[in-house]
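Protein chains in written order, with the numbering used here: chain W, 286 to 641; chain B, 280 to 619; chain Z, 162 to 722.
Keep in mind that the hints were calculated from the coordinates and are not lab data.
Don't take every hint at face value.
Stated by the list, open to error - If you anchor each label on the Cβ, the simulated ranges turn out as follows:
id	chain 1	residue 1	chain 2	residue 2	range
1	Z	PHE474	B	ALA389	36 to 42 Å
2	Z	ALA298	B	GLY373	58 to 64 Å
3	W	SER423	Z	LEU519	37 to 43 Å
4	B	ASP510	Z	ASP224	31 to 37 Å
5	Z	ARG433	W	ALA403	16 to 22 Å
Stated by the list, open to error - If you only want the chain Z side, here are some residues facing chain B, beta carbon under 10 Å, derived:
id	residue
6	ASP224
7	TRP307
8	PRO309
9	GLN310
10	THR361
11	PHE392
12	ILE560
13	GLU681
Even for Gly, the Cβ is constructed at its ideal location relative to N, Cα and C.
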Amino acid sequence: MPTQLEVRDVTIAYGGRPVVAEVSFVLEQGAIGCLLGPSGCGKTTLLRAIAGFEPVSAGEIRLQGRRVSAPGETLAPERRRVGMVFQDFALFPHLSVERNIAFGLRGASRAERRARVAELLDLVGMKDAARRYPHQLSGGMQQRVALARAMAPRPEILLLDEPFSSMDTELREGLAREVRDLLKADGITAVLVTHDQLEAFAMADQIAVLGDGRVHQWGTGFGLYHEPANRFVADFIGQGVLLPGTVVDELRVKTELGRVAGAKPHGLATGQAVEVLIRPDDMLYDESSPRRASVVARAFRGAEYLYTLRLASGTQVLCLVPSHHQHALGDDIGVRLEAEHLVVFPVGADGSPTRV
Amino acid sequence: MPRSTHSLLVAAIAALTTLPVLAEGEVNVYSARKEDLIKPLLDRFTVQTGIKVNLVTGKEDALLTRLQSEGAASPADVLVTTDAGRLHRAKDAGVTQAAASPALEAAIPASYRDPEGHWFGLSLRARPILYVKGKVDPASLSTYEALADPMWKGKVCVRGSDSIYNQSLVASLIAADGPAATETWAKGLVANLAKPPQGGDRDQVKAAAAGQCDLAIANTYYLAGMLTSADAAEQAAAKQMGVFWPNQGDRGTHVNVSGAAVTKAAKHKAEAIRLMEFMATPESQAWYAEVNGEYPVAPGIPVGPTLAAWGTFKADTLNLARLGELNAEATKLMDRAGWK
Amino acid sequence: MSELAAPVVAAPIPSAAGGRVWWGPGIATLALLLSLPVLVVVGFLFVPSGEVWQHLADTVLADYVSNSLLLMAGVAVGTLIGGVGTAWLTSMCRFPGRGVFEWALLLPMAMPAYIIAYTYTGLLDFAGPVQTMLRAATGWVYGDYWFPQVRSLPGAAVMLALVLYPYVYLLARAAFLGQSLCVLDVSRTLGNGPWRTFFTVALPLARPAIVAGLSLALMETLADYGTVQYFGVATFTTGIFRTWFGLGSAPAAAQLSAVLLGFVLVLILVERLSRRRARYHHTSQREQAIQRFRLGGWRALGAFGFCLVPVLFGFVVPAGQLAWWAATIAHTAYDAAFFTLVQHTLALAAGTALLALLLALLLGYGRRLYPSLAVRASVRTAGLGYAVPGTVIAIGVLIPFAWLDHGIDAWMQATLGVSTGLLLSGTLVALVFAYLVRFLAVALQTVEAGLGKIRPSMDEAGRSLGYRPGEVLRRVHIPMLRGSLLTALLLVFVDVLKELPATLVLRPFNFNTLAVRAYELAADERLADCAPAALTIVLAGLLPVILLSRSITRSRDADTA
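So that you can see chain W by itself, here it is in the shape it has in the complex:
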């Protein structure tokens, strides 16, 4: 059974300059993928190429096994069965909500159209607003209508371009989960584009981290966080510090905070100088610990304090501590390193991309 979406060695270049370089990934039916990366990394361009709005310079894109994009041939967007939810929703202002949703249902009979529209209105919880017009709806409601409209013609794949960027930050995670539930309920394959990690984690099954047009890593949120493939991913996902260390054996590395052991062999030579990724959640506050650090800065996060601590060597680390423990600047506190995943990079290594 062919995969729903296959992107193979796709390069998109403008005037010789590649915006997307040799990207490959596969998405199974019903899965939700995400293209995650900072601004200008090419994720939106790639999404638009999947939709058919951008041509590819090299490689190919297949939907359900059917080739839709290749150098010199691009199937028109209206001939692909892709649905798209835009950043600004792009609801047609002259049509009511139900007409907007029914817009893509051209071939269906009137009865079929009505049934599908009702089904979708129900799904997104907008039954009462059927007759209203876009300008009468709030941002969240508009987004739901945009989603329903894109889903109505049962597209082979649904593309979402930064769908939550215009929403309030606090709402984003919750909305992301809601949308995920909707998509899963209808069994739709989807690709999401965003620069917000929390959205990505909340919505997607598989996430691709893009930087400079290349995919640095493709995996689950957990995998990206705890097993970043290179410095770029480590840097982009979550927060952390790189602590200098030395390889002890094939599983362990020695640092000034103690030894860190990983579950899998890291493949580096004994005695080699490396850097170890220490995330804030890897550092624990422990008054009984002999290792001390002084508080250089702190940021109140509600449930936690994010402390920036300075170790004896002068290296700074981040430490996430439940906020009952309030320490002042300059305080000397005990810390313990407890990292369950070992993430090491050889010193001098650049963030070269891996293949997914």
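Got chain W; can you put chains B and Z on it based on the hints?
Chains B and Z alone, transformed into the frame defined by chain W:
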């Protein structure tokens, strides 16, 4: 294309393309005479003969240029102008053809039609000197040429040099006196103008009546029109003017004809000749005289009381074709003399 | 008129992969066709016309140039003072009647210049009512008193300034309102009153917009034929007519047209440059409530009077005179012939407006879909027609059409033995084509401005839902553009109604328009008789003015004052 756009497009085009359909029992007239001065006559023609008349009016120069560029494909059958010079120019440009019509040749004197039958004058007008009664003694007037005399400084009103009537007048002067003398005369006349040339003939009469000048040069039918006008102010102004016939001692007063010619490309030649013959009948000639205030070309037709009041005069016997031949030179002469 | 909408650069829609190949060449061909008249005229520069041109150069050419320059200078002064002054007063100051003046100052736009010329001639001429009353009251006769001569070059400049200042008014007003209120407030906190703020701060900032408006007014001045012809002012337009028909030399007339186009080109460049700079001078994006300078006492009176003058003399007086004349001859004037005239004119204007709209949609949407260099250049070329005077277009249309007709006729005769006669010249096709050359730009600007407000994501949403580009145009853009489309229709409709010189030359058999009728009657010194036609034109011209004024009051209500 969706149906609504399609029908919209069809509607747009339907509203626009109306190609002239050439049908039987029709005649197409290009007329430089204003519509009001000719349409009643054409309507009478249609009533009498059942032949439909299609009329296009315009400045005669524009019509002539149009005839030339349309060439053999032109739909025009008859060209009606207000000046003999233009008729001659039309013949020269090759857009007319000879019309053999014994009726026309019998009705119209030879000096008022083309010897080869290309055009026929249908009504006559003169261009006398009008003077403000009580202010000017007619005895002090004599000829056109005398108008350049310094005694008339600031006292003459005449319209601009783009008027064909003035161009023909100057052409007749060139024919009589030669270009050099005429240019001197023109410069003298311009120096005598009470105000820079503006407006038409009627404006000159009104200006004279209002006191801006003592003399005006205008066509007879304009004055006649004003005398019978419904506008009381116009009538009063016209009543103040007396008519003086210049050059009675030598060649006679400058006259001109408005006339018609059959176009070379005419598709309805027979109807065209019928129309022209109709316009030369005594009834039509009398209509010209009574309604338009013009002199008939056919002899023996009585003029209305308005014209009769001005008396008879000796008309310049210059072959009117000469007016056309000298037109371009007259225009350039007027330019050089500064006649705006 | 819609040149006043600020030009919006259409956001590039990525070209539809696999789109129809014929859009691009189609648009280029259309643009080429529309440029034909100008190309023909310029082409004549290379045809020797020797003697006639020499005669022109010797006698009248200097007059044409000097008169045109003087006329432009006069109009420039008039429109600057009138337009900028009233714009400042109504946008930045507060005085009784300001709210009414805001939209009333647009009324003269409904008056074609030649109609206002006829009206004032009737009023102010030596034999007219004003001078007659004056003489009756004082007992003066000619020579005793001085009265300004209406039918003169200064008179023509005044007439044109009275109807053209709204261009400057609208653009200056938009510039003043768009200026950062902070800048003006800073000026005030530094102690500058309304005068100084105006001259030292507001005016320089608004300069590009003012220059753009002025260029438009001057283009219309150069294109005017009816007014200067009636007033006896020898300018290029009257010279072209005279040379073409009077001296019988089409090449020389075309060459005069080319010289005229040279002037126009300078103005176009000035206008485009200024408009581009005007965008950068738009310092504030936020709509704020405007704190207006309050004028009191005699200052308020002065402001009131200053704004009253253009409205009174540009619209109220002439319209009143026309209405009076029309009323006095109402019993004879409104006959069957008049209604046929109205019918013809309205049908012509409506048909042309529809065509112009369709073409504008084609061009505007085509540029949105396929913004290649060729397409963009073509669309821009098609949009230059508004600057070309009607006289020039007339020459540029008649000559090639006649040539084409003869060619087709000859070919048809040779191959099929059938004479097709005149297919193009002398029919409405030639006339409508000339109108399109000049007025397509109006529709195009409006449509493009409207399209510019539609985000590209709308296009893509439609495409992703299975609609081809043409269908997206029909189902998404046109419903969203309804307001702009209606505006474009209306603007072209009124412009065709008012057009004079091209109509005079190109109209077919048995076909007269209101404008031509008014012109003929006025030329025949029957001013009162031309009132019904003239009045109808003015009433029609009020429609877009009402539209514009409504959008002004609506945006005014949006910000409280």
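Comparing the hints with the structure gives:
1. Z/PHE474 <-> B/ALA389: 36 to 42 Å: 57 Å, violated
2. Z/ALA298 <-> B/GLY373: 58 to 64 Å: 60 Å, holds
3. W/SER423 <-> Z/LEU519: 37 to 43 Å: 39 Å, holds
4. B/ASP510 <-> Z/ASP224: 31 to 37 Å: At roughly 35 Å between Cβ atoms, Z/ASP224 and B/ASP510 fall inside 31 to 37 Å, so the hint holds.
5. Z/ARG433 <-> W/ALA403: 16 to 22 Å: Roughly 54 Å apart at Cβ, these two residues miss the hinted range, so it is violated.
6. ASP224: Z/ASP224 check passes; min Cβ-Cβ to chain B is 9 Å, inside 10 Å.
7. TRP307: Interface hint status for Z/TRP307: violated (13 Å vs cutoff 10 Å).
8. PRO309: 13 Å, violated
9. GLN310: Cβ of Z/GLN310 sits 8 Å from chain B, so the hint holds.
10. THR361: Nearest chain B Cβ about 44 Å off; hint violated.
11. PHE392: 8 Å, holds
12. ILE560: Interface hint status for Z/ILE560: holds (7 Å vs cutoff 10 Å).
13. GLU681: Holds. Min distance 7 Å.
Hints 1, 5, 7, 8 and 10 from the earlier list are contradicted by this structure; the remaining hints agree with it.
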